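Engineer: Here are the chains, one letter per residue:
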Amino acid sequence: MSSAAATEAGSPTERLTLVEGVREGLHTEMERDDRVMVLGEDVGKNGGVFRATEGLMEEFGGGRVVDTPLAESGIVGSAIGLALSGLRPVAEMQFMGFMYPAFDQLVSHAARLRSRSHGQYTCPMVVRAPYGGGIRAPEHHSESKEAFFVHEPGLKVVIPSTPADAKGLLTAAIRDPDPVVFLEPKLIYRAFREDVPQNSYEVSLGEASVRREGSDISVYTWGAMTRPTLIAADNLADEHGVDCEVVDLRTLSPLDVGTVVASFEKTGRAAVVHEAPKTAGVGAEIATTIQEEALMYQKAPIKRIAGLDAPMPLHALEDYYLPQAVRIQDGILETVEF
Amino acid sequence: MSTQDDADYQHSIGAAQSGDEPIRVLDDDGHLLSSAEPPALSEAELLEMYADIKLARHFDQRAVSFQRQGRIATYAPMTGQEGSQVATSHALDDEDWLFPTYRDHAAKYVHGADLATLLKTLRGYREGYSVPEDVNLMPEYIPIATQVPQAMGMAWGQLLQGNDDTAVLCHLGDGATSEGDFHEGLNFAGVFDVPAVFVCNNNQWAISMPRERQTASGTIAEKAHAYGVEGVRVDGMDPLAVYAVTRAAIKKAKAPTDDERRPTLIESVQYRYGAHTTSDDPSVYRDETESETWRDRDPLDRLETYLYQTDVLDAEREAVIEARVEDEVSAAIETAERAETSPERMVEHVYEETPDRLQEQLDELNALREKYGDDAFAEVLG
Ligand SMILES: Cc1ncc(C[n+]2csc(CCOP(=O)(O)OP(=O)(O)O)c2C)c(N)n1
Numbered sequence: 037m038s039s040a041a042a043t044e045a046g047s048p049t050e051r052l053t054l055v056e057g058v059r060e061g062l063h064t065e066m067e068r069d070d071r072v073m074v075l076g077e078d079v080g081k082n083g084g085v086f087r088a089t090e091g092l093m094e095e096f097g098g099g100r101v102v103d104t105p106l107a108e109s110g111i112v113g114s115a116i117g118l119a120l121s122g123l124r125p126v127a128e129m130q131f132m133g134f135m136y137p138a139f140d141q142l143v144s145h146a147a148r149l150r151s152r153s154h155g156q157y158t159c160p161m162v163v164r165a166p167y168g169g170g171i172r173a174p175e176h177h178s179e180s181k182e183a184f185f186v187h188e189p190g191l192k193v194v195i196p197s198t199p200a201d202a203k204g205l206l207t208a209a210i211r212d213p214d215p216v217v218f219l220e221p222k223l224i225y226r227a228f229r230e231d232v233p234q235n236s237y238e239v240s241l242g243e244a245s246v247r248r249e250g251s252d253i254s255v256y257t258w259g260a261m262t263r264p265t266l267i268a269a270d271n272l273a274d275e276h277g278v279d280c281e282v283v284d285l286r287t288l289s290p291l292d293v294g295t296v297v298a299s300f301e302k303t304g305r306a307a308v309v310h311e312a313p314k315t316a317g318v319g320a321e322i323a324t325t326i327q328e329e330a331l332m333y334q335k336a337p338i339k340r341i342a343g344l345d346a347p348m349p350l351h352a353l354e355d356y357y358l359p360q361a362v363r364i365q366d367g368i369l370e371t372v373e374f
Numbered sequence: 019m020s021t022q023d024d025a026d027y028q029h030s031i032g033a034a035q036s037g038d039e040p041i042r043v044l045d046d047d048g049h050l051l052s053s054a055e056p057p058a059l060s061e062a063e064l065l066e067m068y069a070d071i072k073l074a075r076h077f078d079q080r081a082v083s084f085q086r087q088g089r090i091a092t093y094a095p096m097t098g099q100e101g102s103q104v105a106t107s108h109a110l111d112d113e114d115w116l117f118p119t120y121r122d123h124a125a126k127y128v129h130g131a132d133l134a135t136l137l138k139t140l141r142g143y144r145e146g147y148s149v150p151e152d153v154n155l156m157p158e159y160i161p162i163a164t165q166v167p168q169a170m171g172m173a174w175g176q177l178l179q180g181n182d183d184t185a186v187l188c189h190l191g192d193g194a195t196s197e198g199d200f201h202e203g204l205n206f207a208g209v210f211d212v213p214a215v216f217v218c219n220n221n222q223w224a225i226s227m228p229r230e231r232q233t234a235s236g237t238i239a240e241k242a243h244a245y246g247v248e249g250v251r252v253d254g255m256d257p258l259a260v261y262a263v264t265r266a267a268i269k270k271a272k273a274p275t276d277d278e279r280r281p282t283l284i285e286s287v288q289y290r291y292g293a294h295t296t297s298d299d300p301s302v303y304r305d306e307t308e309s310e311t312w313r314d315r316d317p318l319d320r321l322e323t324y325l326y327q328t329d330v331l332d333a334e335r336e337a338v339i340e341a342r343v344e345d346e347v348s349a350a351i352e353t354a355e356r357a358e359t360s361p362e363r364m365v366e367h368v369y370e371e372t373p374d375r376l377q378e379q380l381d382e383l384n385a386l387r388e389k390y391g392d393d394a395f396a397e398v399l400g
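Going down the list, the protein sequences come from chains X and C.
Going left to right, the first sequence walks through residues 37 to 374 as this note's numbering numbers them.
Going left to right, the second sequence walks through residues 19 to 400 as this note's numbering numbers them.
In short, the hints are calculated from the structure, not lab data.
Since this is a predicted model, take the numbers as computed values, not measurements.
Each residue gets a CB set at the ideal place from its N, CA and C atoms; glycine is no exception.
A couple of the hints might just be wrong.
[As the list claims (entries may be wrong)] Cross-link-like lysine-lysine pairs, in silico, DSS-like; alpha carbons within 30 Å at most:
| no. | chain 1 | residue 1 | chain 2 | residue 2 |
| --- | --- | --- | --- | --- |
| 1 | X | Lys335 | X | Lys302 |
| 2 | X | Lys302 | X | Lys314 |
| 3 | C | Lys269 | X | Lys81 |
| 4 | X | Lys335 | X | Lys314 |
| 5 | X | Lys181 | X | Lys314 |
| 6 | C | Lys389 | X | Lys314 |
| 7 | C | Lys269 | C | Lys241 |
| 8 | X | Lys81 | X | Lys181 |
| 9 | X | Lys335 | C | Lys241 |
[Said to hold, decoys possible] So, partial list: chain X residues that the calculated Cβ filter (under 7 Å) puts toward chain C:
| no. | residue |
| --- | --- |
| 10 | Thr53 |
| 11 | Leu344 |
| 12 | Asp366 |
Only chain X is shown next, with the shape it has when bound in the complex (with noise of 0.2 Å):
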């Protein structure tokens, strides 16, 4: 993995899950650079819904850990401005189904003050956000609209699979000059614990990660689609005897194109997996991509294994919604046998 790679040989590890990642990219960047704080709804006192800011405020206290007033227009906003007058705000959007009041200041503003003022200004802040389904959570607590932010010219999106990438792109997302809207997969927050390095360490953002080698197609995903697309990656090699490439994404603009590209020149098929509706997806933008970069190479149709272009359903029948292993396994074989 290459936020191993990214580390210094010989940093002692501690097992993580991809929340505390979260709170320990956040940690030692705040122990490095003291302009970097943090601010949102009930991230201080409470430590954040989902426990990712928690014990924070007691270390660097209120002036660095803010409690906001409920307003996330408010939280983006003050967020820009700070991070004109030299800090460099990490904002927490309580969910992403809530990201919505604050969608005028991400796009009319955070995306295009660097480009409106030819340089003279930049805002270099980090907003984060839980987002997707599977959690049993009430409506609008499940959304997966991660293309609203990669249509917007002049904003980052990067999503994390695993917590040593949780950690490492967040403190890239941190000290990267632009704004980067920072998607973390909650159905995964706590699914399972790797080794993280102790010390602070960066993966770089734009770069994808080739989960697992194959050759027959290409698989691409990002957050915690990864982890259903391998396990259907395993069931179709013992099974069927396909061997899948599975490609995560971890940022979704800008895309890594020479990674995309490159493993479909190797398998020549490819099948997106995500649980976003599918028209108008990302899946949309890699497909295209693929047939503009290496067409010649194609031996089937491109796949887009998707969320339904409905609503996220109420939990009684998110999981017929969220893409499954049964469905990745049976589009990757459609796409495999054409």
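Keeping the supplied structure of chain X fixed, place chain C with the ligand upon it in accordance with the hints.
Structural biologist: Coordinates of chain C with the ligand only, in the frame set by chain X:
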């Protein structure tokens, strides 16, 4: 609104408190305040209000325990707040519209929602958002404050269409007063002078944020003045005061006198005893002795004392009401637990006519269900 208007308004319901003191009819123990007149409610109406508060509390307790048993998902408890919710809905006429939040289960029930249907939402079925045809009620709003401009628009629409007999009541929390939508909605309400009543259920907390960290204003009611809307503070744990204030605001919304403005912002000062939701742990941010003080002013206890004192209630009537309430909640739970749903429901009503592409997506899903069985869809992470 001028201080004089304020005084007149409070006088009109018979409570002579002034300044920031919330309007009350009952004292902490449930005795009628010497300065106050009880609202004009018949014995039957008083008993109905009492029974509804009792039902709300019982429902709340069962819902919390059901959540712990995994029979429903995340639930937002309302104990401590039911007196206000029940009283505001009692103050509505049938044709009035109600815009509720995720915590207004009792307000919805009293205005005509069906208890079993409410429970279906909590079991994860979108069907639970459906509202009986003759009831003017919106499904719960989960994003904070979004309902405020919409409720204003509904009231505006009534005004534009000359429906003088229809007002709109919109619930919100204290946290909601920080969102832009609150300010935009109230500003429009003042400018277009619409027949709307906004009830801010100030339960002191927005998850972990105390009211004082939500706004530097002295009260929430005073925000109304900035928008040319009337602002009133009421003891939200005094159901009779809440009823009186809301009833007066609804009447004024429909038929103001020359010097009155239609819209009102009511700050109902109250407390949620329990957690924000069943996923929340208040011990992290809240001193738990705080709730003891508020429990001394419990809305159910106070109304009960008042009704016993005035001989509206006796032990026999209380027992009958209690049994009826328990039966009704149990029956609703049984109905909700028998309910079934199916994946078809995901695509129904997305549009009036399901687009071909969406239908194909459902067909694909159904073919997979056929091939692998529904068990294969049980868990995303396998
Ligand atoms: C726009 C938006 N932001 C954040 C949330 C997450 N959230 C749910 S309830 C809540 C606190 C609401 O407090 P308040 O308005 O006082 O109502 P209460 O829950 O206390 O009744 C928050 C922050 C949300 N639902 N909507």
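Engineer: None of the hints should be skipped; say for each whether it holds.
Structural biologist: Checked hints:
no.: 1; hint: X:Lys335 <-> X:Lys302; verdict: holds (11 Å)
no.: 2; hint: X:Lys302 <-> X:Lys314; verdict: holds (26 Å)
no.: 3; hint: C:Lys269 <-> X:Lys81; verdict: violated (43 Å)
no.: 4; hint: X:Lys335 <-> X:Lys314; verdict: holds (22 Å)
no.: 5; hint: X:Lys181 <-> X:Lys314; verdict: holds (11 Å)
no.: 6; hint: C:Lys389 <-> X:Lys314; verdict: holds (22 Å)
no.: 7; hint: C:Lys269 <-> C:Lys241; verdict: holds (22 Å)
no.: 8; hint: X:Lys81 <-> X:Lys181; verdict: holds (29 Å)
no.: 9; hint: X:Lys335 <-> C:Lys241; verdict: violated (65 Å)
no.: 10; hint: Thr53; verdict: violated (14 Å)
no.: 11; hint: Leu344; verdict: holds (5 Å)
no.: 12; hint: Asp366; verdict: holds (6 Å)
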